[in-house]
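**Student:** Please construct the entire structure, taking both the sequences and the accompanying hints into account.
If you want the building blocks of each chain, they are given just below.
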Amino acid sequence: MRRGGETMRAAAGTGLRAEALPAGLAALAFLALPYAFTGGASGLGLALSGYWSLALAALCLLGAALAGMLRPAQGPVRAVLAGLGLGALFAVGFAEGLPVPPWGLGAALLAAALILLLARGCAAAGAFKADPWVATVTVTILALVLLFVFFPVARVLLGAFVDPAGRPDFALFLRRISAPDIWSAGCLLGTRECGVVLNTIWLGILTGILSTALGLAFALLATRGGIRHARLFDALSILPIITPPFVIALALIILFGRTGIVTSALDGCFGIGRSRWIYGLPGVLISQVLSQTPLSYLILRGAIRGIAPALEEAAQILGASRLRLFRTVTWPLLRPAVAAAFLLAFVESLSDFGNPLVLGGSFEVLSTKIFFAVAGAQHDPGRAAVLALILLALTLAAFWLQTVWLGRASYVTVTGKGDAGMPASLPSPVRALALGAVLPWLLLTVAVYGIIAAGGFVQDIGRGDMTLTWAHFHTGFEIEWRGQGLFLAGSAWDSFLVTLAVSAIAAPLTAAVGLLTAYVLARHDFAGRRIFEFLTLLSFAIPGTVIGVAYILAFNVPPIEITGTGLILILCFVFRNMPVGVRAGIAALAQIDRSLDEASTTLGARTGTTVRRVILPLLKPAIISTLVYSFVNAMTAVSAIVFLVTARFNMATAYIVNRVEAGEYPLAIAYSTLLILFMLAVVLLIQRVVGERKPGRLAAAPAGAPVTAR
Amino acid sequence: MSSSRAASVEFRNVWKRWGEAVAVRDVSFRIEAGTLTTLLGPSGCGKTTTLRLVAGLEIASAGQVLIGGEDVTRRGAAERDVSMVFQSYALFPHMNVLENCMYGPRAAGVPRARAEAMAREKLALVGLAGLENRLPSELSGGQQQRVAVARAIVLEPRVLLFDEPLSNLDARLRRVVRDEIRELQKRLGLTVLYVTHDQQEALAVSDRVIVMDRAVIAQEGAPQELYHRPASRFLADFIGEANLIDGAFRTAGGEVLFEREGVVLALGALALPPEARCLAIRPDRIALRAAAGGAACRVARVAFVGPSHEYVLTAPWGEVLVVRPSSEPVLSPGSAVELVPDPGAAIPLA
Ligand SMILES: Nc1ncnc2c1ncn2[C@@H]1O[C@H](COP(=O)(O)OP(=O)(O)OP(=O)(O)O)[C@@H](O)[C@H]1O
Ligand SMILES: [Mg+2]
Chain A
1 MRRGGETMRA
11 AAGTGLRAEA
21 LPAGLAALAF
31 LALPYAFTGG
41 ASGLGLALSG
51 YWSLALAALC
61 LLGAALAGML
71 RPAQGPVRAV
81 LAGLGLGALF
91 AVGFAEGLPV
101 PPWGLGAALL
111 AAALILLLAR
121 GCAAAGAFKA
131 DPWVATVTVT
141 ILALVLLFVF
151 FPVARVLLGA
161 FVDPAGRPDF
171 ALFLRRISAP
181 DIWSAGCLLG
191 TRECGVVLNT
201 IWLGILTGIL
211 STALGLAFAL
221 LATRGGIRHA
231 RLFDALSILP
241 IITPPFVIAL
251 ALIILFGRTG
261 IVTSALDGCF
271 GIGRSRWIYG
281 LPGVLISQVL
291 SQTPLSYLIL
301 RGAIRGIAPA
311 LEEAAQILGA
321 SRLRLFRTVT
331 WPLLRPAVAA
341 AFLLAFVESL
351 SDFGNPLVLG
361 GSFEVLSTKI
371 FFAVAGAQHD
381 PGRAAVLALI
391 LLALTLAAFW
401 LQTVWLGRAS
411 YVTVTGKGDA
421 GMPASLPSPV
431 RALALGAVLP
441 WLLLTVAVYG
451 IIAAGGFVQD
461 IGRGDMTLTW
471 AHFHTGFEIE
481 WRGQGLFLAG
491 SAWDSFLVTL
501 AVSAIAAPLT
511 AAVGLLTAYV
521 LARHDFAGRR
531 IFEFLTLLSF
541 AIPGTVIGVA
551 YILAFNVPPI
561 EITGTGLILI
571 LCFVFRNMPV
581 GVRAGIAALA
591 QIDRSLDEAS
601 TTLGARTGTT
611 VRRVILPLLK
621 PAIISTLVYS
631 FVNAMTAVSA
641 IVFLVTARFN
651 MATAYIVNRV
661 EAGEYPLAIA
671 YSTLLILFML
681 AVVLLIQRVV
691 GERKPGRLAA
701 APAGAPVTAR
Chain B
1 MSSSRAASVE
11 FRNVWKRWGE
21 AVAVRDVSFR
31 IEAGTLTTLL
41 GPSGCGKTTT
51 LRLVAGLEIA
61 SAGQVLIGGE
71 DVTRRGAAER
81 DVSMVFQSYA
91 LFPHMNVLEN
101 CMYGPRAAGV
111 PRARAEAMAR
121 EKLALVGLAG
131 LENRLPSELS
141 GGQQQRVAVA
151 RAIVLEPRVL
161 LFDEPLSNLD
171 ARLRRVVRDE
181 IRELQKRLGL
191 TVLYVTHDQQ
201 EALAVSDRVI
211 VMDRAVIAQE
221 GAPQELYHRP
231 ASRFLADFIG
241 EANLIDGAFR
251 TAGGEVLFER
261 EGVVLALGAL
271 ALPPEARCLA
281 IRPDRIALRA
291 AAGGAACRVA
301 RVAFVGPSHE
311 YVLTAPWGEV
321 LVVRPSSEPV
331 LSPGSAVELV
341 PDPGAAIPLA
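Read top to bottom, the protein sequences are chains A and B.
All letters in the first sequence, in the order written, are residues 1 to 710 by our numbering.
All letters in the second sequence, in the order written, are residues 1 to 350 by our numbering.
Hints in this document: simulated from the structure, not taken from any laboratory.
We put the beta carbon where it would ideally sit given N, CA and C, even for glycine.
Where hints are given, some of them may not hold.
Here chain B is said to cover these stretches of chain A; the calculated rule only asks that three of the stretch's residues, wherever they fall, bring their Cβ under 8 angstroms from a Cβ of chain B [unchecked claim]:
(1) 595-606
(2) 614-620
Below, simulated EDC-like cross-link-like pairs (lysine to aspartate or glutamate); rule was C-alpha separation at most 16 angstroms, straight line [stated by the list, open to error]:
(3) K129/A - E58/B
(4) K129/A - E598/A
(5) K186/B - D207/B
(6) K129/A - E32/B
(7) K186/B - E32/B
(8) K129/A - E480/A
**Tutor:** Here it is in structure tokens:
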């Protein structure tokens with residue numbers, strides 16, 4: 001009685017309400033809101049002034065909405081009408097041969113309404129198991145991913161094959177891609193400099209080997225070395241996650257540059273002459289290894305912990321010596337994790353932009369070369385596209401290698417926790433070797449972070465002037481009291497506030513998009529699921545520099561013309577970090593029994609209610625880790641956004657990079673210190689607000705998540 | 001008393017396939033409103049799948065599902081007005097007992113105060129008044145089970161489904177909860193479909209039992225009917241234990257005789273199906289009589305299990321199991337015996 005009636009009324013009501021919302025929105029947008037970003041006429045106005053495809057889009061929309069209300073069973077018709085409408089909307093301007101108006105609020109609302117109608121039409125046609133909620137979420141996310149990941153990347157790839165006027169030119173592509181400064185191997189023959197590809201790969205391999213070896217040494221010492229304060233390693237390993245990537249490079253310059261602290265000391269005491277050795281491969285390598293080693297440590301530590309001591313005990317009982325035990329049992333079990341750590345470091349090195357920019361000197365790598373091809377004097381987007389293509393191919397190859405390599409070796413991955421038993425301690429030669437590698441490194445890390453901590457508070461640490469001062473914080477963050485109120489006079493305030501706003505908007509959006517995608521992928525099966533999954537994870541493999549170029553190429557012309565706005569920064573972060581949310585969500589959902597969803601459904605709840613009241617509350621840890629990750633990433637990322645910032649919408653990292661370029665190191669360091677402290681505070685706050693505190697989550701989540709190419 | 005909400009359930013030639021695999025093959029049955037029916041069968045025979053087809057958690061590949069005479073084949077679980085008690089209970093871990101029980105009414109748009117009253121009423125009915133503010137993790141297994149039942153009946157569903165509701169309880173509690181479920185079903189006049197693989201549980205609680213085997217219905221009927229007149233060897237052995245002996249039947253002077261390798265058993269008056277080739281007989285329906293040394297059957301082993309002695313005999317074709325009350329004198333291993341089936345107790349099968 002009660003419930004039957006309610007359900008039926010609800011079912012009858014939802015058809016009307018669900019169609020009325022997009023229809024109403026669209027009507028408002030079409031009649032009253034300016035269609036274009038630049039303001040001006042409404043959709044109706046444009047349609048009357050010759051944009052007939054816009055009229056077609058509006059008619060399709062009307063048709064789909066009416067069919068939804070009056071003939072809800074006509075799913076295919078509704079879907080086709082809405083799809084046609086979307087097509088027409090994208091064709092506005094192109095079809096008529098008139099100037100293409102850049103999408104504004106009016107156009108965006110029309111598109112949103114059409115996407116909603118398309119989704120509901122698909123559901124009514126039986127797709128997505130006829131679940132309108134799942135259809136709406138999936139189609140919406142799919143549309144966004146196509147527009148903001150797939151389209152720009154495709155645009156880059158195409159950009160490599162066209163000439164500056166936009167005509168296809170394959171010969172030009174061949175000329176571009178065979179340029180000697182890309183492929184030359186001169187340095188191997190000792191004749192000239194090496195090409196940028198060889199430089200990049202060489203740097204990646206060195207970084208991979210060194211950071212994996214150091215990470216392994218740390219991990220062995222922490223788990224088997226009988227070191228009492230091994231937990232200190234864990235604390236240290238969080239630092240690079242919240243350190244903007246180029247800050248380490250900056251500290252290295254201050255230590256080892258021509259006028260650096262160590263250089264001066266060596267010069268003074270031993271008469272070792274000053275040189276610029278830090279600029280180039282050595283410097284970039286050291287800074288990359290410094291930032292990558294902790295991640296390798298985390299990966300390898302997990303793997304070592306997973307090795308069942310019982311296995312090693314068994315070998316020992318069989319009479320193996322400790323060295324032999326290490327060589328025949330422990331090491332083979334570790335190999336897959338070592339490979340994973342190496343590949344991660346390799347990919348990170350390939351996509352790193354901040355360190356080569358600051359320290360590279362004449363040593364060029366792909367990411368910096370891409371940047372200068374777009375931003376430099378040459379301004380050659382076609383060349384940037386070719387370089388981006390090569391970089392993308394390299395990272396994809398590394399990811400592919402990872403799948404092949406680790407997929408084959410997966411039998412070694414140990415499930416669950418290691419069982420009880422005393423882990424074998426390290427054989428003393430290995431322990432001595434590990435200590436020998438680790439101690440100088442710890443010293444360097446302490447020195448680097450000491451510079452970062454102190455640099456902001458002294459006159460000019462770069463020249464050894466250690467007079468205490470607040471001057472740099474004053475320059476950057478001065479607050480004046482002027483007549484009516486507070487006035488943010490410091491030069492860094494603009495970029496800081498923009499960064500804050502962008503991060504604060506992007507983080508919850510990332511979490512929402514990522515976790516909804518995870519829910520759909522983990523809990524619902526529908527045609528095209530695998531393609532959907534692939535597209536949502538695609539941006540993982542794409543280096544930030546490539547994304548930056550892609551966004552510039554794709555979004556500085558209508559219909560989606562958002563270059564130079566704050567919006568493009570937000571979108572960039574949301575879709576770059578979304579895979580982190582997807583992975584975190586899928587992992588968390590695997591722990592939530594499906595029967596909870598089903599219980600909710602049999603109690604009469606629709607999918608949306610189930611997600612809101614059952615799934616999301618149980619996903620709290622995944623929500624926190626995604627929020628934290630995307631917030632921190634938005635504050636520390638450099639590579640993609642240096643292409644996208646403007647004077648009006650500048651970001652903290654881009655601002656700091658500019659200060660470094662201008663030689664204003666103290667201000668750059670002061671700002672970085674503030675950023676690091678701010679991030680720490682916000683991360684703790686997020687944990688407080690979103691949920692009860694779970695110690696360990698913070699460290700585990702962002703580090704455990706496969707790290708995106710920054 | 002039958003609840004006005006309870007509805008009948010009917011399957012008409014229902015199939016459920018996953019690719020090549022068939023979990024439910026051309027199944028038809030009808031469950032009357034206000035009755036308790038169990039789905040019984042060995043593991044993997046398709047019981048859970050059948051139950052989920054009723055709930056709408058799976059959609060039939062072919063055939064029709066009717067609830068209260070209405071075709072609901074294409075309707076999702078949220079629109080069927082059917083509740084389910086899951087094997088794992090599926091209590092929402094972040095909600096307390098009361099909130100768990102209010103979930104259904106709240107999802108249906110019932111105002112909070114009314115939903116709370118409904119939830120409290122049903123919690124009292126299952127004997128959980130006073131535990132409303134506990135979290136599921138703070139309850140014992142038996143209490144969790146009751147919360148799951150209370151949550152499922154708050155909305156007075158047209159059909160209530162149970163998937164092996166007792167499998168997570170210890171043996172003693174099982175009997176208690178089983179009887180409580182039956183009691184509740186009768187009191188509220190609910191239509192209940194109940195999945196179990198425990199035949200004793202099925203016999204104890206049901207109005208009717210549907211036995212499934214390898215995706216099809218093997219037999220359905222009242223518990224006594226299934227026990228006393230199993231339709232096949234599978235059923236005779238699955239419901240209660242039975243000795244299955246292949247051999248020849250013949251009729252002599254109004255009495256049926258059975259013969260195998262020289263052993264002749266007198267079975268009394270029986271309706272003999274035309275192609276009877278197998279004798280099924282329950283272990284407690286055979287008397288043992290001490291016989292001369294030349295008899296074909298001997299006691300191989302005997303075990304004392306309290307109320308009875310369990311004998312394993314060797315016959316020319318193999319072993320025979322016999323259970324006798326422990327009040328009878330015990331026969332020692334090695335002694336020769338003659339088998340005397342209770343008249344009319346044997347079940348001739350094809
Ligand atoms: N989602 C699925 N995909 C493929 N096959 C399935 C799926 N669900 C069930 N099956 C198969 O259908 C058959 C019946 O499964 P079902 O769960 O109904 O068995 P059951 O009778 O409940 O067994 P149990 O007593 O072990 O719970 C099994 O062979 C199972 O492997
Ligand atoms: Mg089952």
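**Student:** Check the hint pairing K129/A with E598/A against an upper bound of 16 angstroms on the C-alpha distance.
**Tutor:** 15 angstroms, holds
**Student:** Is it true that the CA of K186/B sits at most 16 angstroms from the CA of D207/B?
**Tutor:** Holds - the C-alpha atoms of D207/B and K186/B are around 11 angstroms apart, at most 16 angstroms.
**Student:** Given the proposed pairing of K186/B with E32/B, does the C-alpha separation stay at or below 16 angstroms?
**Tutor:** The given pair, whose Cα atoms are some 13 angstroms apart, holds under the 16 angstroms limit.
**Student:** Assess, step by step, whether the Cα of K129/A is no farther than 16 angstroms from the Cα of E58/B, and give holds or violated.
**Tutor:** 11 angstroms, holds
**Student:** Is the Cα-Cα distance between K129/A and E480/A 16 angstroms or less?
**Tutor:** Given pair K129/A, E480/A is violated - Cα atoms ~60 angstroms apart, limit 16 angstroms.
**Student:** For the pair supplied as a hint, K129/A and E32/B, confirm whether the alpha-carbon distance does not exceed 16 angstroms.
**Tutor:** At roughly 30 angstroms apart (the allowed maximum being 16 angstroms), E32/B and K129/A break the hint.
**Student:** Given as covered by chain B, does the stretch 595-606 of chain A meet the bar of three residues or more with CB within less than 8 angstroms?
**Tutor:** With 11 residues closer than 8 angstroms to chain B, the stretch 595-606 of chain A meets the three-residue bar; holds.
**Student:** Tell me if chain B covers the stretch 614-620 of chain A under the three-residue, 8 angstroms CB rule, please?
**Tutor:** holds (count 3)
Consistency note: the structure conflicts with the earlier hints numbered 6 and 8.
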